[in-house]
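Asker: If you want the building blocks of each chain, they are given just below.
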Amino acid sequence: MLNLRFIGRQITGAKRQCVVFVLCVALSMVTLVSLGSFSRSVQSSLLRDARALHAADLIVHAHAPLPAPLQGRIASLAGQGELLSARYWDFYSVVQKATGEGTLLCDLKVVEPGYPFYGQLLLASGRPFSQVLTPGSLVVEQALLDRLRLRVGDALRVGNATLTIKDVLLQEPDRPVNFFALGPRVFIPASDLTSLGLLGRGSRADYVTLIKVAHPDRLQALLSALRGAAGDSRVRIESYRSADSRVKRFFDNLLFFLNLSGIFTLLLAGFGIQSTLFALLKEQERTIAVMKALGARSRFIIGHFLAVTLVLGLLGTLAGLSASLALQGLLPWLFRGLIPARVTLGVSGWAVAEAALIGLLVVLLFTALPLYRLKEVKPRAIFGKEESGGFWSRSTWVIAGTGALFFLAMVLVRIKDLKTGSYFVLALALLILVAYLLAVGVLRFLKGRQPKNLPLRQALKGLFRPANASRSIVVTLSAALAVIFAITLVERNLDASFIESFPPGAPNVFFIDIQPAQKAAFAASLAVKADYYPIVRGTVSAVNGQPVDAEKERESRGDNLAREFNLTYRHDLLADERIVSGKTLFRRDWPQEQVSVLDTVVKMHKMQVGDFISFRVQGVPIRARIASVRTRTSSGLAPYFYFVFPDSVLADAPQTLFCAARIDKRQIGAVQNRIVAGFPNVSVIDLTQTMTLFGQIMERLSTIVRFFTSFSIAAGVLIVVSSVFATRYARLQEAVYFTILGARRRFVLAVFAAENLVLGAVSGVIALVISQIGSLVICRQGLDMSYRAYPGQSLLLVLATTLLVVCVGMAASFSILRQKPVTFLREQADE
Amino acid sequence: MTKTTPLSRLLLPLLAISLLAGCQKEKEPAAELAVAPPAYQGTVVAVGDSLTAGYGVPEGDAYPARLEAKLNQAGYRWRVVNAGISGETSSGALSRIDWILRLKPDIVILETGANDGLRGVDPQLTRQNIDRMAAELQAKDVLVVLAGMQMMRNLGSDYVERFAAIYPAVAEKRHLILIPFFLANVAGDAALNQADGIHPLAQGYRIVVETVYPYLIQAIKRKTAGKQGR
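Residue numbers (this note's numbering), protein chains in the order written: chain A, 1 to 831; chain B, 1 to 230.
With the rest of the complex left out, here is chain A (with noise of 0.2 Å):
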């Protein structure tokens, strides 16, 4: 039988403790279910946005109308109202003014109707695409008007048809996926195509077909269904999760990391809960010797404990419910622009059902070893004697197996590889044993220390004072803001590598092939700062004597050796670039011709500094030794080379420059005018719009992600207070004894400042030591991108930590200074 009242008291009897286990069961509540629900509308607002880079669900790319038995089944598949479906042909052409001289190079796109089936095309007037872009019509980029004089009403001459200027192009949803253009954009209705004359034998076009399902579940199976009717391998068919692009592998590992960083919130959670449970039962202890003193046996109070934790778990899942539902509510708001109105951020009720199992597993999971241990306060316990027995018994390893087998199945079910998933639990497993292993180290370190100062050394003594949590404070305290500082500096690098990889001040218009006799005129007209890269065309030949097998080397999936390559020659690293292997760009000592690798050609072929590469330049054979091993920071579309030569191998070859400038968007149809008239060799590539519509979305993940990685933030907090109020009882204590033997308030205060100061540096440090490894980990070998440490703001991290483990220390002193001794000795007598 249970004793309702004995739950009650224990529950009302430690009320800040149970605010903190509620709080914690209520935020791994909160997570779960937003991972659930919330996430799936993350999930598909990344998807939305990957299926508008794409403006379908598949395309059908070929270089030529398609074949008839894949003409045929897109129609019947049509027909069966299983998908719609959109041709566009996309080609350049050199269309000229109806009225006076002037011609220009344009990247036409002839679209029939239901273009594009997702995303937006921004016009100017803020019409409807449909509705402009009527027979006879014509949308174009403002570039080409200002690269022609021309205004909107104006006409045009394109093949053999004159069409007339509707509107102006502001934003085109695909024109990432196509951004490379060498001339501006312009929409041709489909019914203008026949009188055009610009297609067929002899032309060429890329020939797309554009489809959206009607059934988003039949999406691979109609991808498989059209694969099998192309029976060409001319036809490429994509669909918008399968394309391979640099933006897709930013939207996995995103959602990989929301994954990870929600299990970790709830491990953080967990953790909260463990130790707020240590915390009440080291409170309780006396009262439990008194119990079993009185003949109660372990299962009777286990159980009793059991039904506490169980009582105040089931309030912290209610908590994190209606927490969760109201989240839900706020978050429209919260992301206003960010997720689509019509998205649904309902609660599922199957989200609602997985969350709480998992949540009751996490209590019962984390609440097993407090509790198990309960057997072991000894009725001698009443005289404060209690003795710590050994913390690894073999039940201590069973329940430690089962939690870590309970993860392994939350990362399978969250990430589904078991490869990463086994990683995962590895990792953790270790986290733990590293933080312990550091945690006695700097402890035992410490305790040999006498400092002069008073209350340090009362604070280093009262470390160590028997009994006390230390130990497990200082392993769960690191072990959990090394979680959370790998967080962020995994956040960072995200960050660092995608979302700033389009910095407001990035280069937006690119000029290539500009002669080397050319440069001055040309950086004089163009009259910005601007960069230039010397380019030579080379071959890469063989490696340390080794011919490069092209055969083989093509038959690779990713970039390969046995293509042309665009070397270049400089001294300096660029400013994103870091060198990863060898001392400096190039060595001084070496008498031979030198070379900088980027570690994208150490994937593609084994390779180290020291070895040797023979390139052909332009018929000339150089073999130069790998000085250095470069790698990138980030992932934007700044220039960036394979080899890079010193200037003395191939300054002397024949090369083009290519020049990258930042340029105001206003600014660019007359400098492109002046260049084009004083250089018409140089062509210009514009990605300015390109550039502007991976900045939205860019920024917009990042709050996304910025939003779930607070809630292992505040875990993280809820973990410092249970681990502070885990100490409460010791020092309560302590003040008594010091306020008796004559110390002030102020003298207090220092010592226990002084002792959480030393709890929350030595933890902020260890964490620090273990997360730069971690993160460093994760980003290189998980998530595939460079590491950067961000020194800094690692520094302000473990401050800002220590700060909160003080603040959070002090402020459950207080009260504790605001008791008489004599209450508390009286209390003591009472017991």
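Everything labelled a hint here was simulated from the structure, so no lab data went into it.
Careful: at least some of the hints might be erroneous.
So, partial list: chain A residues that the calculated Cβ filter (under 10 Å) puts toward chain B [as the list claims (entries may be wrong)]:
1) ASP146
2) ARG201
3) GLY202
4) PRO680
5) ASN681
Quick list of simulated restraints, FRET-style, between CB atoms [as the list claims (entries may be wrong)]:
6) A:SER648 x B:GLU172: 39 to 47 Å
7) B:ASN185 x A:PRO680: 28 to 36 Å
8) A:THR600 x B:GLN41: 39 to 47 Å
9) A:GLY200 x B:GLU172: 26 to 34 Å
10) B:ASP189 x A:ASP589: 33 to 41 Å
11) A:TYR532 x B:ARG222: 39 to 47 Å
12) A:ARG780 x B:GLN73: 37 to 45 Å
C-beta atoms are modelled at their ideal positions from N, C-alpha and C, and glycine is treated no differently.
Chain A is already provided as a structure; the job is to place chain B on it using the hints.
Answerer: Quick look at chain B alone, frame taken from chain A:
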């Protein structure tokens, strides 16, 4: 140029702007030059863009290697050096004329301008560049065989006509041997070209070699006659 370039190759396509991205050269001309067996009667340098370099085909399938093999079979012990650079415009070709002369060519097969056309460069500029190259090569006593080129129909009939007119005009002015259309019987035939619709496959290059061969023989004959006459 691939318009659906995956974003994962972001910058490369930018730089490679390729009619001409990726090529394998048949020979190591300069390396061979160093150990050149005296057996060669003369040197042909094939100057050009990816169509010369042999974008996307295995070594040995690009036209200069096949041309050399065909010459040798026919008893002409001439070597043909592949000096093609993928992505190069006529402006680029003009800039490296000194580099080409280092190879000490007797004959240059000049195939350039296609990338100018693909970028919509004014045909007037392409014409000037080719004219200047021809003049500089001739000044060094190099015999020039000019490969005529045509542009895709989608660029518009006016542009296509002006572009095609470049080659006969320069050939006439400088008295060059003109191959009317380098990609005759190859361009526009899907079976002979790679998926990009621009670059020939190995079987396409076989036809290119047949197209170029008679004009090269004509050049060799003129060159040897000139040498004997001297």
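Asker: Holds or violated: the 33 to 41 Å window for the beta-carbon distance between B:ASP189 and A:ASP589?
Answerer: With Cβ atoms ~56 Å apart, the hint is violated.
Asker: If you check the beta carbons of A:THR600 and B:GLN41, does the distance land in 39 to 47 Å?
Answerer: Because 45 Å falls inside the window, the suggested range holds.
Asker: At a threshold of 10 Å, is the proposed contact between A:ARG201 and chain B supported by beta-carbon distances?
Answerer: holds (5 Å)
Asker: For the pair A:SER648 and B:GLU172, does the Cβ-Cβ distance stay inside 39 to 47 Å?
Answerer: holds (44 Å)
Asker: Do the Cβ positions of B:ASN185 and A:PRO680 conform to the proposed distance bound of 28 to 36 Å?
Answerer: Since the Cβ atoms of B:ASN185 and A:PRO680 sit about 32 Å apart, the hinted range of 28 to 36 Å holds.
Asker: Report holds or violated for the interface hint on A:GLY202, using the least CB-CB distance to chain B and a cut-off of 10 Å.
Answerer: It holds, given that the least Cβ distance between A:GLY202 and chain B is near 4 Å, below 10 Å.
Asker: Hint validation: A:ASP146 versus chain B, beta carbon distance must be below 10 Å. Holds or violated?
Answerer: violated (16 Å)
Asker: Let's test the interface hint: is any C-beta of chain B closer than 10 Å to that of A:PRO680?
Answerer: Check passed: Cβ of A:PRO680 comes within 5 Å of chain B, closer than 10 Å.
Asker: Given A:ASN681 as an interface hint, is its Cβ closer than 10 Å to any Cβ of chain B?
Answerer: Holds - the Cβ of A:ASN681 comes within 10 Å of chain B, reaching about 4 Å at its closest.
Asker: Could one say that the CB atoms of A:ARG780 and B:GLN73 fall in the range 37 to 45 Å?
Answerer: violated (55 Å)
Asker: Given a hinted range of 26 to 34 Å, is it respected by the beta-carbon distance of A:GLY200 and B:GLU172?
Answerer: At roughly 30 Å between Cβ atoms, B:GLU172 and A:GLY200 fall inside 26 to 34 Å, so the hint holds.
Asker: Take a look at whether the Cβ-Cβ distance between A:TYR532 and B:ARG222 falls inside 39 to 47 Å.
Answerer: Given range 39 to 47 Å: holds, Cβ gap about 43 Å.
The structure is inconsistent with the numbered hints 1, 10 and 12, although it conforms to all the rest.
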